[in-house]
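Residue strings, one per chain:
There are 6 protein chains.
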Amino acid sequence: MDTPPISRFPVPALEDLPPDISARILAVQEKSGFVPNVFLALAHRPAEFRAFFAYHDALMDKEGGLSKAEREMIVVATSAANQCLYCVVAHGAILRIRAKHKLVADQVATNWRKADISPRQRAMLDFALRIALGAQEVDETDFHALEAAGFTREDAWDIAAIAAFFGLSNRMANLMSLRPNDEFYLMGRLPK
Amino acid sequence: MDTPPISRFPVPALEDLPPDISARILAVQEKSGFVPNVFLALAHRPAEFRAFFAYHDALMDKEGGLSKAEREMIVVATSAANQCLYCVVAHGAILRIRAKHKLVADQVATNWRKADISPRQRAMLDFALRIALGAQEVDETDFHALEAAGFTREDAWDIAAIAAFFGLSNRMANLMSLRPNDEFYLMGRLPK
Amino acid sequence: MDTPPISRFPVPALEDLPPDISARILAVQEKSGFVPNVFLALAHRPAEFRAFFAYHDALMDKEGGLSKAEREMIVVATSAANQCLYCVVAHGAILRIRAKHKLVADQVATNWRKADISPRQRAMLDFALRIALGAQEVDETDFHALEAAGFTREDAWDIAAIAAFFGLSNRMANLMSLRPNDEFYLMGRLPK
Amino acid sequence: MDTPPISRFPVPALEDLPPDISARILAVQEKSGFVPNVFLALAHRPAEFRAFFAYHDALMDKEGGLSKAEREMIVVATSAANQCLYCVVAHGAILRIRAKHKLVADQVATNWRKADISPRQRAMLDFALRIALGAQEVDETDFHALEAAGFTREDAWDIAAIAAFFGLSNRMANLMSLRPNDEFYLMGRLPK
Amino acid sequence: MDTPPISRFPVPALEDLPPDISARILAVQEKSGFVPNVFLALAHRPAEFRAFFAYHDALMDKEGGLSKAEREMIVVATSAANQCLYCVVAHGAILRIRAKHKLVADQVATNWRKADISPRQRAMLDFALRIALGAQEVDETDFHALEAAGFTREDAWDIAAIAAFFGLSNRMANLMSLRPNDEFYLMGRLPK
Amino acid sequence: MDTPPISRFPVPALEDLPPDISARILAVQEKSGFVPNVFLALAHRPAEFRAFFAYHDALMDKEGGLSKAEREMIVVATSAANQCLYCVVAHGAILRIRAKHKLVADQVATNWRKADISPRQRAMLDFALRIALGAQEVDETDFHALEAAGFTREDAWDIAAIAAFFGLSNRMANLMSLRPNDEFYLMGRLPK
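Chains A, B, C, D, E and F supply the protein sequences, listed in that same order. The C-terminal residue of the first sequence carries number 195 in my numbering, and the numbering is unbroken. The C-terminal residue of the second sequence carries number 195 in my numbering, and the numbering is unbroken. The C-terminal residue of the third sequence carries number 195 in my numbering, and the numbering is unbroken. The C-terminal residue of the fourth sequence carries number 195 in my numbering, and the numbering is unbroken. The C-terminal residue of the fifth sequence carries number 195 in my numbering, and the numbering is unbroken. The C-terminal residue of the sixth sequence carries number 195 in my numbering, and the numbering is unbroken.
The set of hints was computed from the structure by calculation and includes no laboratory data. Bear in mind the structure is a predicted one, so any value in this text is a computation, not a measurement. One or more of the hints may lead you astray.
A pair holds if it fits inside one copy or across any two, identical chains being indistinguishable in the list.
[What the hints assert, rightly or not] Under the rule of at most 27 Å between Cα atoms (straight-line distance), these lysine-lysine pairs were calculated in the BS3-like manner: (1) K105 with K65; (2) K103 with K65; (3) K105 with K195; (4) K105 with K34; (5) K195 with K103; (6) K195 with K71; (7) K34 with K65.
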């Protein structure tokens, strides 16, 4: 079988992109050794590309009470609930690396309740899934459960915003049938 | 009963905001006669505020095959499915104004299948709801149904992206218990 | 677009109706200034018309622990869950008038958990939705929650019966694609 | 174990009832040899009792395109979907008698798709379940499927109205934990 | 209407079966007076037949904390949730006989929450349904509820294994459209 | 964090097991280089162990129209729908090896509709998921779709039986919180 295209929509060539976008793509290629397909596929719409990654960076690169690995756990757990192949595979790889844990991504993607995570992280993922699947029902009970697990109100915003932002990302990836790069599947699985 | 706060989270004073954000807020106040609460509530997080409105503008102000009123229909229908009070009320008002139709927002919010809309718009909302509620199942059948109703592939992206972006917005509004301004409820309901 | 018919089924002329039914319709016209479409559409079946309104009056006009406005809240919240355009719009209007509150109907219809209602009313609507969506699971826990909010067992019956009766009404309205009168949309929204 | 009460709510004594209600109850006792518990339990609220049975008779005793047995099939199938013990047991008995078929009630209650019924009756139950569980989605496709099976528009109303009315009945029975009379369980199961 | 076939798949003649299978079938015929259709239908696949009944016997004939009647309650309640006609009818008959209770099978099949069973049995069925419908969510809370009702951990395994095994059986019966023998419908309903 | 136990239930020592069971376990260890935890955990109940693996072998080792890799695809797709960590991880490994495809297991587990599989395999998984999640609704339409994809009726049984058997396995694994061996996570991911 030939490799399917990375998106149902047209994928621009790097040289046809606005300079700020091609610069960001070259930077990620420099750092990762390859260009994750989401960059190329979203570059089909430059204005949306810029807003998407600005939002991404505002949530994933900021300071705050959640570790980098915990943020990736939220992405993987909610993306699995939304059956988003790209995000589960790509962020699964990042989670393995950030958490320095070879197993945790597959565990969180399949059934976060059975994963090798702390009770605090379990509470975090319970809340993230509430936001992903039933945000309209969230009330003080949910905030109290987070507080009991040691999270602040600002942490609650962070958890929810990551779940909500990747809910957007999951829907766009499913629209595009966005294909994960083959490289992601093995990243973080091998002993150093 | 006292009016509840507009958000569960702290709401900054205008004078404490970065200048670009206060400028945008003053501009919207100038144009609308009041400041929609979403601007104040999201300003609690300036970086997210900027990305949010950049994304919003990229989708809602762009050229394309969907009319302004049709974009608001998508917002209202998907926000109702997500039980988001702020978006249903605020974008319901905008829909009434854009569509010059006093009834259509309540119709679309309650049951879009019974609204006074064209078959093309019905197909548009069917697809928008697929993205909002089951994007993982979208396949060629859905794209063919859109084409049969006269939409291009780029229109399909627009519909999906609006549904996905407001899915993010709905989740944040439900997190915050974001309160719609009283002004929205009556806008567009009176004869000129 | 021409106005669609008020029902998928034949709508009788007033002069062709049995006298008791035309009398009731004239009385409501006298009182309201127009004939709500549900009267004309259900008159297609006189025996069912009589039973329907007898049931309606037994629940909505009786004495009891629930105020008139609270009964309308139940109608609006459960009809929204059943996506019944007629009942949400028509009883939303009545709710605004009975509650003397211009915003509450849209709030209750969109997400009752975020409405400007008392904790007692929140408990009432939680129970009403249980009846509408999962009556088979109701048990003593539900009755205790109602008691804790100050309701008697007879109040519980009232709440449940209103939810159950409008569940019937919602299904018939969706069968007929019953169209709300334009008048309802604006009723109770203007300052006196 | 002692026999549980027939209702969570007070059950009036026959001699305390308004004469029209006690007359109806005595008539049914005369005809059936016992008083079905629904009559006693609903008599707790005389006005609702009268409307309930008027509605029941308007749907179940009228002329029309559906046989008596087919109407009971609708009751059993939709009451099973609503997990209503009283209606499944009591109307299962009536269905066995009306259809002169000892097996059909248990079949329809468990999985109507596997019952010994005609394709016409299968289409009828498919529509009845649509009304019971998703009336908001009903559209012309459903009416065309009914027509293809030989039903008129008036038959469609009958099917829907029976499903909707017993949806009300199911919710009240579950509220009350209404207990079926022991007699119903065996009725219609024995060879003549 | 002719009696439909007992299975969508070929049903072997007794004389064509391997001797161990025909021996088991003759033994059950000897004991019951007829051959339950599941034996004939599954004999289409001898190796699966042997494993199926070995599993069945390991769960249903073993010693342990659950009575024979309680095991059948689990079968009936979970098979009803899976809308499996064969298992509800056949095991409903066995439940009536084992429990010496003419009503309990119909009660458990329709709504186990309303059945004439003990609080212990209610807790058992709550857990069985959790396994049948949402085993991925089971956690310590569920085990504590079972313990509070007097069950050991080994009992928990028994309850879950019966629910899981009949989940397999229900799916196969629905695949085959397996028809219950007419004899089952009346078994255990008559006074001795 | 210490490694959690492989099961919530007692895990027997190899030397305490009946000889046929320890022999099977030693054989699998010989072949695989380790003992998959499901063997040890299920050995807690020897009679169930024997039936479970007899059933497993009858379905997974038989001749027939499905390739070994296709059978594992069914296991992975349905186990993911049931959120069974053990089966997704262990059979994902086997799928990678049988299909000689390093990516397909993660694809099938996350969203089989996006996997690198043939249209025939897509139809196979559509049917397997129908059995796993809604076997009660299966009818001739499903069999015709399978036939159109080139499957026989016997293949349909195979697909359904594998989905049904692993539905049992998934429920038992979730009951036990059965932990996959670390070895599985990396198997089949590396180039030869």
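Taking the hints in turn, this is what the structure says about them:
1. K105 with K65: The answer is within: 25 Å in one copy meets 27 Å, while 35 Å across copies does not.
2. K103 with K65: within (20 Å within a copy, 41 Å between copies)
3. K105 with K195: both (11 Å within a copy, 21 Å between copies)
4. K105 with K34: both (21 Å within a copy, 25 Å between copies)
5. K195 with K103: both (10 Å within a copy, 25 Å between copies)
6. K195 with K71: Only inside one copy: K195 and K71 sit 20 Å apart there, 34 Å across copies, limit 27 Å.
7. K34 with K65: within (19 Å within a copy, 33 Å between copies)
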